[in-house]
Amino acid sequence: MSVDLSLGAVPPIYKEVYNIVNPLDRQYIDRELYMKFLSTINLPKSTLEQVCEFSDAKRGPVTQITLYKSLALIAVVQQGKALNEKSLQNLATLSQPLLGDLSEVRRIAGGMTRADKGDCREDPRLLGLSYTELSARDTIRVAIAPEKKGLILKHVVYEVTSQRFSSTVHRRYNDFIALHEVLLQRFPYRAVPILPPKRAIADAQFIEERRRALKRFLTLVARHPVLSEDKSLVVFLTFNGTDVQPRLKEQMRNLLDEFMTSNIVHRLDELVLPDTTVQFAVVREQLRQVLLCLTQMRDVAQRMVDRSKAAAVDILLVRKELAAMSGISKLDSDWGTGGNPTWNLLHGALGTFQSLFTPVHEAYSEQSLHEEEEVLEELSQHLDLLVAFKELCDRHESGVVLGHHKAINRMVKKSTQSSGAMGDPMKQAQQLEHRTQFSLHCVHLESQLVYAHTDVLVAILQAVVRLQTEGHAKLGRLWEKMQPTVSNLIPGTSSNR
Numbered sequence: 001m002s003v004d005l006s007l008g009a010v011p012p013i014y015k016e017v018y019n020i021v022n023p024l025d026r027q028y029i030d031r032e033l034y035m036k037f038l039s040t041i042n043l044p045k046s047t048l049e050q051v052c053e054f055s056d057a058k059r060g061p062v063t064q065i066t067l068y069k070s071l072a073l074i075a076v077v078q079q080g081k082a083l084n085e086k087s088l089q090n091l092a093t094l095s096q097p098l099l100g101d102l103s104e105v106r107r108i109a110g111g112m113t114r115a116d117k118g119d120c121r122e123d124p125r126l127l128g129l130s131y132t133e134l135s136a137r138d139t140i141r142v143a144i145a146p147e148k149k150g151l152i153l154k155h156v157v158y159e160v161t162s163q164r165f166s167s168t169v170h171r172r173y174n175d176f177i178a179l180h181e182v183l184l185q186r187f188p189y190r191a192v193p194i195l196p197p198k199r200a201i202a203d204a205q206f207i208e209e210r211r212r213a214l215k216r217f218l219t220l221v222a223r224h225p226v227l228s229e230d231k232s233l234v235v236f237l238t239f240n241g242t243d244v245q246p247r248l249k250e251q252m253r254n255l256l257d258e259f260m261t262s263n264i265v266h267r268l269d270e271l272v273l274p275d276t277t278v279q280f281a282v283v284r285e286q287l288r289q290v291l292l293c294l295t296q297m298r299d300v301a302q303r304m305v306d307r308s309k310a311a312a313v314d315i316l317l318v319r320k321e322l323a324a325m326s327g328i329s330k331l332d333s334d335w336g337t338g339g340n341p342t343w344n345l346l347h348g349a350l351g352t353f354q355s356l357f358t359p360v361h362e363a364y365s366e367q368s369l370h371e372e373e374e375v376l377e378e379l380s381q382h383l384d385l386l387v388a389f390k391e392l393c394d395r396h397e398s399g400v401v402l403g404h405h406k407a408i409n410r411m412v413k414k415s416t417q418s419s420g421a422m423g424d425p426m427k428q429a430q431q432l433e434h435r436t437q438f439s440l441h442c443v444h445l446e447s448q449l450v451y452a453h454t455d456v457l458v459a460i461l462q463a464v465v466r467l468q469t470e471g472h473a474k475l476g477r478l479w480e481k482m483q484p485t486v487s488n489l490i491p492g493t494s495s496n497r
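Read in the UniProt record's numbering, the sequence shown has 217 at position 217, and its numbers run on one by one without any break.
The hints are simulated quantities; they were obtained by calculation from the structure and are not laboratory data.
Nothing here was measured: the structure is a model prediction, and the numbers come from that model.
Heads up, some of the hints might be wrong.
Unchecked claim - As a list, the in silico PhoX-like pairs of lysine-lysine whose alpha-carbon atoms are at most 25 Å apart:
no., residue 1, residue 2
1, Lys-81, Lys-36
2, Lys-58, Lys-231
3, Lys-231, Lys-36
4, Lys-45, Lys-249
5, Lys-15, Lys-58
Between the sequences and the hints, there should be enough to build the whole structure, so can you do that?
Written as structure tokens, this is what we have:
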């Protein structure tokens, strides 16, 4: 090849693009970011595939030289020339390509967290993210979309809003299932949150509970340092259309799992320490116990919410019955009362007294809403994360480790029986061993993610104390406000006996 791709010979725009797609100057460029950059170029998809092929991006990791080759090939095409295997060899100088809008590429590169940066972090074994930083990644809202007039729908449509992307899209439950499947396939070694169950016949309560669960699922995914940067989530949160499922499947058609695109595979021997398996067992057991305790606490929180809701209903019922009593017709004579004036006096005062119960009903209703949002939902979301981690541990132990060891044993046995074909089986066995190490490395990071989220437990306890203090104080003031009216329901009587 006659053209020089060394740092001093390339046009400045080549270095500028490299700094954009690899801001931390890592050994390899993130493949997904590289593909995102290519998608900004105004060229047919088939041509961009040729660029990947002839720049060697398809056959190995994306390096600085790979990127420079890609830029040179893009310039060749933009000059009206066809691409082939000798396109680079025939170049005497490197031309400057016409670039597209790189704002989205810059945003993704700038938003990559330390958990995504592999061998560029000071210590890739540390997550290095606080709960505040994780929460700031995105705020998700999931609401039930209003039904269109004249249409009878057999399914519920959800209105999903992402603060990060400033987007609002409409999704069905099956769309969430498609996203969940893609994430599990792409990230088998990560704590992918669970989805709520599907039910053929759903009542209003089930629909509301599922809406809340879908919001928790999407919030955990959108705040995950790795899952949140995946293209499938971007499509799910930004694509305006009803055919999002085919697009998600298209994303995964030729996409490898996280292990195959990781930049740290060559460092796994130093990242996974000898005592990792022992430490994993200890942490797994501790978080299992935490899961059991918080499950009981979630049930208590549910009963707390139910009590406030029941109190609101009871107060409304008292008000209703007082109103009914005030509407009973008066007696024309004192035959039944024997001249006792209490009923007639009480009957006349009930109309005024019943209105005092309305603020009490509203206070209990407001209390239940705050308890549900600030205590029950936050606790349920943390439980969802713990369950996701538990399932990850189960996958690692049963699906990953045992499966990998069986495959390794089969390959080693096969290699010893066939001396002529000894290289490939041993190489495959080594890759499976690396997968097991990679799984342990990811479990290590996911455990740190769970512990980072334990900050929310402090906020939950603070919310319980604050809500009970403020709620009881407000109710106390409302009940106290009734006291003068109750004391004077019947002139000449006193409640202090």
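25 Å Cα cutoff - pair Lys-15, Lys-58: Between Lys-15 and Lys-58 the Cα gap is close to 22 Å, so the pair holds against 25 Å.
Agreement of Lys-231 and Lys-36 with the hint, judged by alpha carbon distance not exceeding 25 Å: Within the cut-off at roughly 9 Å; holds.
25 Å limit on alpha-carbon distance, applied to hinted pair Lys-81 and Lys-36: Holds, because 24 Å separates the two Cα atoms, which is no more than 25 Å.
Pair hint Lys-45 and Lys-249, alpha-carbon separation not exceeding 25 Å: Measuring from Cα to Cα gives roughly 18 Å; hence the hint holds.
Given pair status - Lys-231, Lys-58, alpha carbons within 25 Å: holds (19 Å)
Consistency with the previously given hints is maintained throughout, with no hint failing.
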